[in-house]
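> Position chain B with the ligands against the provided structure of chain A, taking the given hints into account.
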Amino acid sequence: MTHSGTTKPKGSIAAAPEKIPITLTVNGTEAKLSVAPWTTLLDALRDHLDLTGTKKGCDHGQCGACTVLVDGRRINSCLTLAVMKEGAEVTTVEGLAHNGELHPLQQAFIDHDAFQCGYCTSGQICSAAGLIAEGKAKSADEIRELMSGNICRCGAYPNIVAAIQQAMERS
Amino acid sequence: MASYIGSATSRVDGRAKVTGEAKYAGEFNVPGLVHGYVVDSIIPKGRIVRIDASGALGIAGVIDVLTHSNRPPMADKDDAYKDEVAPEKGSPYRPLYDDRIHFTGQPIALVLAEDWETARVAASQVRIEYQKEAHVTDLHAERTRAYAVDVPEKPRGDAERAFASAAISHAAEYSIPTEHHNPMELFASTAIWENGQLTVYDKTQGVQNVQQYLCKVFNLQPNAVRVMSPYMGGGFGAGLRPQYQVVLTVLAANALKRPVRVMLTRAQMYALGYRPASIERLALGANSGGTLDSMQHEAIAVTSQFEEFARNDTGWGNLLYKSPNAKFEHKLVKLDLPTSCDMRAPGAATGVYALECAMDELAIALKTDPVQLRLQCYSDRHQGEDLPYTSKQLRECYRQGADAFGWSKRNAEPRSMRDGSELVGWGMASGVWEALQVPATVRIVLTANGHAEVATAASDIGTGTYTIMAQVAADMLGLPIDNISVKLGDSTLPQCPVEGGSWIASSVCNAIANTARAVRGDLLELAKATQDSPLSGAGVDDVALIDGKIVSKRDAGRAVSIASAMQSGKAERITREEINQPSEDKSHARNVHSAIFAEVKVDEEIGIIRVTRVVKAVAAGRILNPKTAHSQVMGGVVWGIGMALHEETLYDHRFGRVMNANIAEYHVPVNADIHDIEVIFVDEPDEMVNPLGIKGLGEIGIVGVAAAIANAVYHATGKRVRDLPITLDKVIEFA
Ligand code: FES
Ligand code: FES
Numbered sequence: 001m002t003h004s005g006t007t008k009p010k011g012s013i014a015a016a017p018e019k020i021p022i023t024l025t026v027n028g029t030e031a032k033l034s035v036a037p038w039t040t041l042l043d044a045l046r047d048h049l050d051l052t053g054t055k056k057g058c059d060h061g062q063c064g065a066c067t068v069l070v071d072g073r074r075i076n077s078c079l080t081l082a083v084m085k086e087g088a089e090v091t092t093v094e095g096l097a098h099n100g101e102l103h104p105l106q107q108a109f110i111d112h113d114a115f116q117c118g119y120c121t122s123g124q125i126c127s128a129a130g131l132i133a134e135g136k137a138k139s140a141d142e143i144r145e146l147m148s149g150n151i152c153r154c155g156a157y158p159n160i161v162a163a164i165q166q167a168m169e170r171s
Numbered sequence: 001m002a003s004y005i006g007s008a009t010s011r012v013d014g015r016a017k018v019t020g021e022a023k024y025a026g027e028f029n030v031p032g033l034v035h036g037y038v039v040d041s042i043i044p045k046g047r048i049v050r051i052d053a054s055g056a057l058g059i060a061g062v063i064d065v066l067t068h069s070n071r072p073p074m075a076d077k078d079d080a081y082k083d084e085v086a087p088e089k090g091s092p093y094r095p096l097y098d099d100r101i102h103f104t105g106q107p108i109a110l111v112l113a114e115d116w117e118t119a120r121v122a123a124s125q126v127r128i129e130y131q132k133e134a135h136v137t138d139l140h141a142e143r144t145r146a147y148a149v150d151v152p153e154k155p156r157g158d159a160e161r162a163f164a165s166a167a168i169s170h171a172a173e174y175s176i177p178t179e180h181h182n183p184m185e186l187f188a189s190t191a192i193w194e195n196g197q198l199t200v201y202d203k204t205q206g207v208q209n210v211q212q213y214l215c216k217v218f219n220l221q222p223n224a225v226r227v228m229s230p231y232m233g234g235g236f237g238a239g240l241r242p243q244y245q246v247v248l249t250v251l252a253a254n255a256l257k258r259p260v261r262v263m264l265t266r267a268q269m270y271a272l273g274y275r276p277a278s279i280e281r282l283a284l285g286a287n288s289g290g291t292l293d294s295m296q297h298e299a300i301a302v303t304s305q306f307e308e309f310a311r312n313d314t315g316w317g318n319l320l321y322k323s324p325n326a327k328f329e330h331k332l333v334k335l336d337l338p339t340s341c342d343m344r345a346p347g348a349a350t351g352v353y354a355l356e357c358a359m360d361e362l363a364i365a366l367k368t369d370p371v372q373l374r375l376q377c378y379s380d381r382h383q384g385e386d387l388p389y390t391s392k393q394l395r396e397c398y399r400q401g402a403d404a405f406g407w408s409k410r411n412a413e414p415r416s417m418r419d420g421s422e423l424v425g426w427g428m429a430s431g432v433w434e435a436l437q438v439p440a441t442v443r444i445v446l447t448a449n450g451h452a453e454v455a456t457a458a459s460d461i462g463t464g465t466y467t468i469m470a471q472v473a474a475d476m477l478g479l480p481i482d483n484i485s486v487k488l489g490d491s492t493l494p495q496c497p498v499e500g501g502s503w504i505a506s507s508v509c510n511a512i513a514n515t516a517r518a519v520r521g522d523l524l525e526l527a528k529a530t531q532d533s534p535l536s537g538a539g540v541d542d543v544a545l546i547d548g549k550i551v552s553k554r555d556a557g558r559a560v561s562i563a564s565a566m567q568s569g570k571a572e573r574i575t576r577e578e579i580n581q582p583s584e585d586k587s588h589a590r591n592v593h594s595a596i597f598a599e600v601k602v603d604e605e606i607g608i609i610r611v612t613r614v615v616k617a618v619a620a621g622r623i624l625n626p627k628t629a630h631s632q633v634m635g636g637v638v639w640g641i642g643m644a645l646h647e648e649t650l651y652d653h654r655f656g657r658v659m660n661a662n663i664a665e666y667h668v669p670v671n672a673d674i675h676d677i678e679v680i681f682v683d684e685p686d687e688m689v690n691p692l693g694i695k696g697l698g699e700i701g702i703v704g705v706a707a708a709i710a711n712a713v714y715h716a717t718g719k720r721v722r723d724l725p726i727t728l729d730k731v732i733e734f735a
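Chains A and B are the protein sequences, given in the same order. According to full-length UniProt numbering, the first sequence is numbered sequentially starting from 1. According to full-length UniProt numbering, the second sequence is numbered sequentially starting from 1.
For the record, the hints were derived by calculation from the structure and aren't laboratory data. Just to be clear, a hint being listed does not mean it is correct.
Quick list of simulated restraints, FRET-style, between CB atoms [said to hold, decoys possible]: (1) B:221 to A:50: 54 to 64 Å; (2) B:31 to A:60: 50 to 60 Å; (3) B:672 to A:37: 44 to 54 Å; (4) B:480 to A:34: 46 to 56 Å; (5) A:135 to B:626: 33 to 43 Å; (6) A:140 to B:403: 21 to 31 Å; (7) A:28 to B:31: 54 to 64 Å.
Please read all numbers here as calculations on a predicted model, not as lab measurements. Note that beta-carbon positions come from the ideal geometry of N, C-alpha and C, so glycine has one too.
Okay, chain A solo, but in the shape it has when bound (with noise of 0.2 Å):
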């Protein structure tokens, strides 16, 4: 059986779009940057900021290594255009540390072993943070439940919990 076969474009694009200035406040601090709007929230922290402590497991929005807190609430920054969040405060993993001071619950997580090979880490910390502001978790169960998002190859899931416990009694 031998026949042949194309792959046809999706239709066909001549230039790249053209670029649109926005602000951000990532991690208290103001940023002015220039993306085109095809240009994801992950991409501009990671490859305009320099912030690649926001990581990228999937680029889909199905595994959560690229949560970040935008005005306080924990999104998927792969699912979110930058332009859409003109004028937002972001807070990213870089930004929980206050002065050297570890955020309760980056302590927590090195107390608790809640990671391995740590590229789930900043997803699971920023959105935990979510989750406590949140207030709708109290018991492990819920905890499990809520922070299903975020996806952990390496498995730390019971010391993300625990991790999570110690910071919740703590704040």
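What follows is chain B with the ligands alone, placed relative to chain A:
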């Protein structure tokens, strides 16, 4: 000073990981960086007739499109592409080499642009014309083409006849689908040429393996290429061999003379290696007393058309159970897929799954408790080699695991235990792996201010290598752990093989001990040269380094501080590098063992299965760091739960293509899937396996877990599911 070895020490790289400072391969943003995006094949077999890149090249910001026909030169001999862990037989895949298509997802063009988004959109504009050829991707449809490969286990007695005449027997076929590693970090490489030197940041479990490979493929001088992987966002075997993105990245850097990064998408990672699907046939025959007379295990697994990747699935029974008659056979089927590869406990995760389910079924046929059956068949010798073990505390694993789990309260009758609307099932299994060692070299630089740098070219893929190395070095050098800095993940560091097979801890830590002994010898010489030295006449093994001092072991009062010894000898630093060669002693078998107990709860109406409790008791020699060791084994248990209930790469065989090439439809356990996991380390002193008594933990965590869960599902429901994963549609008919 308390010993660091054996203490629950927090990760020394923990702060870097929780603050986002740890940099992974795709995170080195250098000025002028070019971004690459891969165009991959949508057909599984055939050839590229034409590539029209004009649509991509016309987009502002696109620099070039590399294909097999316009790429810079690469080696044309197979040997150049054989990396340190390539299968012995076959011809390794060569990325962007020619017009042949070997598998769906094979890279066929690399679009290079000033930014990533432009590269991505331009990739969608590349037109490819293919000539397709007939393909095969289905193991089950092609099983009759299976051919046998050599296995180390030789047959004993006449297993077939003993099976036929057994009082009680059980034979069945089990199957495990293809699984993908799916580390959280996307595979990525960054290549930077600077002053005739190439630096490559790569997601790899073996920096020196990649370095040597690149030198051969691109005909580069070894001292011109440096490969770095200081942090790796999960490997699990996927990063043992150099992956194609590193070749593409260097090709592009060579073509453009600019720094280049290529990061794969999650979907593209399904065209890398995978755990091969396998079909496992077990036939066990027992006498009426409940011991084995016959043990047969045959496996059929997947490899590619061009390489022969085989990990023996079948020999594990020889390590666990006595049987006078035994036969093992491992077979392969070649399919139009990428070459399969190692994935967490290769061969054992699958083979022991089948073996331990079969033992459960045999116990049921014998009306014997499954733990009891294992004790009846217990072997204190490696059955295949007829050797004793350096240590084997598996009996203790069964005992401590069963106690912690509450196994004695089990009602053996299926469907007999309930919790409200849920059926409760308790199952168990054994686990086994090898205690391997490989040659590794460690360098220690001790400075007069009492700090030491410990270095080797290993990678810490999340396993805790940085931390255990710091612990061992601190103890061996008598320094506080904060004074130790560990350097890893750099090909210019002393020789170390790929991080895999659970061999790094034992290999590297014993090398630290050797190097520290050499440092101690140098210090002693300096100390002896001081006037009226209290250590005069002492040999290197008569002294120890404790609390910053060189101390006589016989009389702790006789001591010289490290600082003063170095000062008086005018030594600013002591640099030593020593290798650890694994023992050649073949008089004993070296293995790691475990027992797993699992509880499942199954919703009687809709069949949802939850693994509510797992107890894993492990005997793995000396545990260097109970904290990171616990995480490693717990992570393995989570993998076992995924293997049992969730993970399956689904193919549309008509198109030879993965249907669920993303992390939403390829199911891995999420937080809500994981409940109580208890890890027990059984005491197992072992001075024979290696001087420090370390056996390694990377693989044992997963082994046997899926079997314990499958056995628990049977106990809960009365339904035996032998084909993984055990999804609810397979158990729902029981109601
Ligand atoms: S990278 Fe955003 S959810 Fe995975
Ligand atoms: S720590 Fe590796 S993925 Fe979570």
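> Going through the numbered hints above, which ones does this structure break? Give me the numbers in ascending order.
Of the numbered hints, 1, 2, 3, 7 do not hold.
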